[in-house]
Every structure is written in C-alpha cells, then in structure tokens.
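Peer 1: With chain A fixed as given, assemble chains B and C onto it according to the hints.
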Amino acid sequence: MRVRAWFSLTRASIMEFLQFRLSALVMFLGNIIYLIVIYNLWKAIFASVDNGIVNGMSFNDTMIYLVLASAQFTFMEAYLVWEMGRSIQSGRIVLELLKPIPIEQYKLFGIEGGNIAAFVVTFIPTFIIVQVITKGAIPMGINLVYYLVAATLGMLINFSIDFLIGTVCLYTESTWGINIMKQVVVLFLSGAVVPLAFFPDKLRALALFLPFQAIYNTPLTFLTSNELTTMNSIKMLGVQAIWVVVLFVLAKLFWHLSERVITVNGG
Amino acid sequence: MSKLGFYLRIYGKIIVQDVKSKMSYRSDFIISIIGILLTDASELLAFYITFLNFPSVCGWTYHEMLFLYGFSLIALTPLQCLFDNNWNLRHYVYDGDFIKYCFRPINIFFYFISEDFDTKGIGQFLVGLGTLIYAWRKLGLSVSFISIALLVVALFSASLFMIAIMNIAAATCFYLTNSGYVIGTMSKFRDYAKYPITIFSTFFRLIFTFIIPIAFIAYYPSLVVLRPENIPLLTWFSPVYGIFFFYISYKVWMLGASKYSGTGS
Amino acid sequence: MNSVIELKSVDKEFKVLNRHEGLKGSFRDLFSRDYKIVEAVKNVSMTIEAGTIVGYLGPNGAGKSTTIKMMTGVLQPTRGEILVNGRVPYKNRTSNAQNIGVVFGQRSQLWWSLPLIESFKLLKDIYKISDKDYKDMLALYESLVDIKELYSKPVRQMSLGQRTLSDILAAFLHNPPIVFLDEPTIGLDVSMKAKIRDLIKALNKEKNTTVILTTHDMGDVDALCERIIIIDKGTMLYDNDIEHLRNFFGAYRTLKIRTNKNTEVVSEEEANEQLEIIKSKVASKFPDNDFIYGTEEGWYSILLDDSKIHLMKVLSFLQEQMTIYDVRLEEISTESVIKKIYEDSERMKKQEKAEVSHES
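Residue numbers (the working numbering), protein chains in the order written: chain A, 1 to 267; chain B, 268 to 532; chain C, 533 to 892.
This is chain A alone, in the form it adopts within the complex (with noise of 0.2 Å):
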C-alpha cells in the first residue's frame, strides 16, 4: 500500500510548514493587511456607484470573493513550478526519480500537507474574520460542504497544471518566466484579481470556457451565492472534476513523454 507513504510525505510536509516559526504568523498579517487594501479600494470604488450593486455583485459578496480568493491563493499556492525548475537545473530531480513512488504523486503529497496547514493556519482566520466584518454574510449550510470539496478539486486542478507548466522547465532555463506566466495567467482568468462577474460577456465567456475559473472561481461561488439549486452546485463539482481528469492525465503524459530529456541529458 502506497497510503502509508502518501500520510508520511503529508505529515513531513506539515511539520515543514511549522518550522517556519514566525512566518506563519507573517503570513497571517500579510492577509489582514491586503484584507484591510482591498475592503478600502472596493469601498472607494463602490461609493462611486448610486444603488451599490454591479452586474449582481454588492461590496459585501465582491470584499468576500477577493479577501477568500486570496486566503485561497495562499494555502493552493506551492509554487511547485518553480520548485520543479530549481530542481530540474540543480540535477536533484534524478533522486526524485529514484523515489519508489511515481514523480507526480511525491509531488502532490510533498506539497499537499502544506496546503493543509496553510489552510488551518490562513484560511480559516481569514473566513472568520471576513464573516464577523460583514456580519455573517457568507450562507453558512450545505455550501461550505461544497466549498471544501470544490477547493480540493480546484487544488488538484492547480496541482495539475503546475505539474504540466514545471514540466515545460526541462526544455528552457527560464523558470521564473514560465512561473510568472503561468501565475499571471492563473491568477487572472480564474477571477482571483477582479471577480469574473466585472468581466466583460465575451472575455467571461472565454474564461468560464478555460479551466482556470474551476480553480477560485467554482470554490467561491458556493461561498458568495445564495441562489444555487442542487442541481447546479453538482453540475459545477462535476465539470470540476471532468478538468481535474483531463489535466491530470495530459500532465502525466506530457511529463513521460519529456522524462527523456533527463536520460538522455542526464539531468
């Protein structure tokens, strides 16, 4: 059974996260203070308009959506690209390929307990903090159910296409070009920076198209909307799950088509 080493690689990675000390608690205050920029620029922006609600979102579900997408983006965020890249050019990938376990699932549970104590350690707070500042306005019910399971879905289909864009790193140097792009592109299409609903028709049909909006925009919607039938929520969870297959899968692929590159170079 590959459980028993999937559970050590999560706990070493949990333990990892600990070891940081005070930067978990930096961490934290760096949330608070984009929470605090974000709830003053949206305000700002807000006073602008007359009735307070744009294209079906109030400040209350825009500050909830952004402030969370953050908190998201931190405990998701591994920066597994560029993990991949320093150890692609450092050699260190070959011991990864010794390891009895398949590249792609080390990877995964190497970064995956991290995930989890981030996501104890930022997202959590951030959730409470953002429900008491505006007064419970997150639908507490069934949803969060959704969320927990729409967030892991978006993680493995983050995972995926960091496994997919970290491979591209055995052909070219540029790791910290591939990572800005990637995270760039990441960031923007899955409504992390402005929400998709701000989105003008055809460049939200375009995103909603790309799988990078089942990433945060899926998992936040169940925390945002009120209005969603059960029908819908397992439609969404479902054409989560169609990317996380196919990504998965492509990113499996693409790596054992480009193992190569290191027999043949010899890392």
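Treat the hints as calculated values from the structure; they're not laboratory data. Every residue gets a Cβ at the ideal spot worked out from N, C-alpha and C, and that includes glycine. It is possible that some hints are incorrect.
Chain B stretches covered by chain C per the calculated footprint, using a threshold of three residues with CB under 8 Å from any CB of chain C [what the hints assert, rightly or not]:
hint, segment
1, 280-290
2, 368-377
Here are the simulated BS3-like cross-link-like pairs (lysine-lysine), alpha carbons at most 30 Å apart as the crow flies [claimed, not checked]:
hint, chain 1, residue 1, chain 2, residue 2
3, C, Lys660, B, Lys287
4, C, Lys664, B, Lys287
5, C, Lys547, B, Lys518
6, C, Lys733, B, Lys367
7, B, Lys287, C, Lys656
8, C, Lys664, B, Lys518
9, C, Lys540, B, Lys526
10, B, Lys526, C, Lys568
11, A, Lys43, B, Lys287
12, C, Lys574, B, Lys526
13, C, Lys623, B, Lys518
Peer 2: The following block gives chains B and C in isolation, referenced to the frame of chain A:
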C-alpha cells in the same frame, strides 16, 4: 580616488559583464521579459475592467489611476533591476554560501547586491513609461522643464522606499530560520502602491506613510504633477525621508550580515 | 622570527536554538526560546611565521572553520586575542581582507556567469592591483599551469578541478601575505590533486606566502605542510613540525603478518576470526600494552610502541603460536599518527570523566 568613484567604477564593470552574460541566454531573457510584460498587462486589464463597471475611485479618474500605476512601475524599476539579488539572499544564507561575500575588502551589501543586474526590469520600465506618457497626455497635463525635473526627483525618492522595504524583508533571513514568506508578503505591498492613499482611514494612512511607507512609492510624489495646486508637506519631505529610510534598511541588513557569521559552519 | 598570525587563548562560543523532534516539537519550536551554548573553540593559541605552509587538521566539526573565520575577520572571538598581519581582523574586516586570500571549500567565490578573465579583472579593481603586478602575476600563473585556455570559460561551465584551480589563483592574485585554503583538494581526482598541490607549493615558494590549509587528505599534508596543528572538539591537540609529528609516535611501528598461504582464500569472516585469535593470544601474553589491531587483504596488523615492548618479542611469540608465511614491518604513516592523536585525546577525556565520576 574617492571611495564613491571606486565603487561606481566596479559597479559599472560588474553590470556590463553581467548584462553581457545574461544576453547570451537569449531564450531565458525573452521568456522573462514576456513574463513581466504579461504581469503588467494583467494589471492594466484589471484597471480597465474595473473602470468599465465603475466611474471613479474616491474621486480619482481612470487616467489618474493609470498615471499612478505608471509612476509606480517606473519607481519600482531600480528595485527590480539593481536589488533583485535580495530574493536569493536566503538561499545563500541557509546553504552557507553567504560566507563568500565576507572575504573581500569591499562593503558586503554592495558586493552582494552588485552581483545581479536583472534585465527583465527594463520591460517593466518601458510599460511604466508608456502608461505614464499615455495618462499624462489624456489628462492634458502641461509639460515643462520644472514638471519633468520634479518628476525625476519624485521618482528617485519614490524608488528608495520599496528598496528599503525589500532590504529589510530580505535581511530577516539572517534572523529567522525560514523567512521566504516575509519577502514574499512584503513584495505584495508593491501592488498596493498604485492606489491613492485617500481611500484609507486615518489609521492606515499613518501606517502606510510611516511604518510601511508604500504611499511614498507613487501617491505622495506623483501629486507634484497630478495635483500641483494641493501638495501636502509630506511630498516635499519624501526625498529626505526616503534617504533616511534607505539608510535604516542598510543598517539592518549589515547588522544581520554580521550576525550571520555567528551561526557557525 | 617574523610572525604573521598570532592567537592568544582564543575562545569562541555560539548560541544555538534547541530544536525538538516530531510534529509536537515543531509546534513547540514555534514559540520556544530554549538556547544552549556551544563551545566551538577553546583556549587556542598559536604563532605562525611568514612563509610557512601550516596544515590545520581535525575531524569534521572540530572547530577548524570557526578558527579560520576568526582569522579572516568574519567572526569575533568570544575571548582572547587575534592578530593577523599585526591587525585585529574583526575590527577592520575590509583592510584585513585586502591582505588575505581565501578559498572556502567547494564554494566558488568567482562570478558564476562571467568568463574567468573577467573575474580576474574585477578582482584587479577590487583589490586595487597595479597593472604591472597584475600582468606579472598572470605571467607567473601561465608559467605554472595551463590557465590560458580557461580564461574565456564562464565559471559555471567549469569542472570542479578547473574551478578549484581558478579559485586558488584568484585567492593569490593580489599577492596577499596569507592565504587560507579550506579543503582545496576535496572531491578531486588524483592527477588534479597533484596539480593543485604543486601549484600551492610553487606559489608559496615564489611569493613567500603563508598558507593555512585545512584538509582531510593526508596526501596534502605529506606533500605540503611544514607544520601541523591538530584540533578536536575545539581544543588544540598538537602543534609542531611534521618531523616531530612522526617522532611523536616515532617508536610506534606496525607489524604485519600473514598466516595463510593464499590471501585469496581468506574470507572476511575467517579473517576476523583469525584476528580475534591473534588478539586474545597477544593480549594474554602482553597484558599491559594497548595494541591496535587490524586486518586487510589477508594481512593482520598490530600497531605497537617499540620502546615499551620490543617488536621482535611479539613476533617471536607469534611464531611459536602459529605458522607465519610472511612478515612486514612498517613505519607509522601520517594518517595513523593523526588517528592515534584523536583516539588518545578521546581516551584521555573518557578517563578524566571516569575519574571525576569516581570521585563524586
């Protein structure tokens, strides 16, 4: 030969050599430039989308906001180009490689920072300049020798603030066992520099003015050009404060470096 | 004599955070301020004359790097005095750095992406080397090693050997009175090691440079060092000429015997069994001696002090006990002398401890 001349001469030589060697990795150079252009493009797009839905932000129009953004991009260019090695500091410190900077008869901070000239900052500079000129023209601001001179001084002092913040953030690795998130979190602050400080309540205005002085990166200095009839005292004060803050950050960095050698092997 | 380095009862202590194990421990470390004091260097004194090559030896973590960091001005001693070229190094790090050269382990100090000659040119500016001195030095280098072909090569593309060579040349470039070399031959192949040793020797001769060399390679010591300083657990164990070092245990000799006709037939277990037999026989006959035994490729070796017990006595005793096919006598090697010094100090400490606990 003066000390400053000595350092400038060495710095010039290192930068020329470094840029030369970076240019030889052309694909990396191009991909990095595309990466940074894409980052800026997404920011501009975010502005554009926001202003499609909303007429103004706290009395600031679309073009005024663009001006602030362009200004902040230019002001952040020296940080990106000249001080980017700060991002690598923690790797040097944790791997023990930092020791190599301690054996030369030159200033450690200088030696460390001089090692890397980040070429992709040039892309950011061009986007910033383009945005600034575009906004300048759309706003119908006058162009005079005075306004240009003021802008240059304002840009210079503005650039010192974020450099100082990042120096301190990078130096935390001398004190903490794993400080990657400090520099990561601090670098996020540069994203807030593009907003007018008037959107905040008094308390946070004070924080962003004196504690984490990001309001000096774009807001205070660009008032010289944007709202010349109504310049707060702090704007005139910003060059002095910038130099002072930079000096503090330098001291923190150097203190950390001297503490570093105490950690053994 | 003209001394360039002087250490007077130098101590160095570090404050280290106590880390705890496991998941719970990580949580605790998040808040703990539990420090302990580690004594890296204890009461070290030495005086080093200009132009000598000194081997500074000791096992890993003995305090070698710490001492060198103090001499280079990177670290400040907790107690005691250090003078390098007549200066207190940590009080004026930059002016001290002007007068020393350092190669620290495998960490290249050259500009990673620049061609070697550009690194040299930068060093010329940084150390304010005059055009003439620079040209002369390069000419000297070119006469000693094939460095010209490396000039246009970026350091990142060099092999480890080429990089080490370049780093050593860079350390000597400004003709400092003292050069510190920390494990310069580590990881290199035999011919590259020889090349590096020849280079160090030649530069030391040519420029009368004092060289402080730390190494684990006894080949380096035998080839280069006129003087040996040994340190372990922060304390100095030995400081004298290399000749003295061999005389220190001069009476020690190794007796090697073979009790099988054919070395190939002896398996490892058999060899160990046979060694045990020899051990017990010799020990019962000469109970008051501490011999060191070993076996290698069918040979059994006994290290003994010839002045205490005559080697021939042991040999003739063994001849009575078993058939011996072949005999060899060996002078002690530098390596075994140093090993013996470590072991002796270890044993002395244990004895002290035992005595202390006995008293209390």
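Peer 1: Now tell me if each hint is right for this structure.
Peer 2: Quick rundown of the hints versus the structure:
1. 280-290: holds (count 6)
2. 368-377: With 6 residues closer than 8 Å to chain C, the segment 368-377 of chain B meets the three-residue bar; holds.
3. Lys660/C - Lys287/B: holds (24 Å)
4. Lys664/C - Lys287/B: It holds: about 27 Å lies between the C-alpha atoms, which stays within 30 Å.
5. Lys547/C - Lys518/B: Holds. Lys547/C to Lys518/B sits at ~23 Å (cutoff 30 Å).
6. Lys733/C - Lys367/B: holds (24 Å)
7. Lys287/B - Lys656/C: Holds, at about 20 Å.
8. Lys664/C - Lys518/B: violated (38 Å)
9. Lys540/C - Lys526/B: OK: Lys540/C and Lys526/B at ~24 Å, within 30 Å.
10. Lys526/B - Lys568/C: Holds, at roughly 17 Å.
11. Lys43/A - Lys287/B: violated (48 Å)
12. Lys574/C - Lys526/B: holds (21 Å)
13. Lys623/C - Lys518/B: With a Cα-Cα distance of about 17 Å, the restraint between Lys623/C and Lys518/B holds, given a limit of 30 Å.
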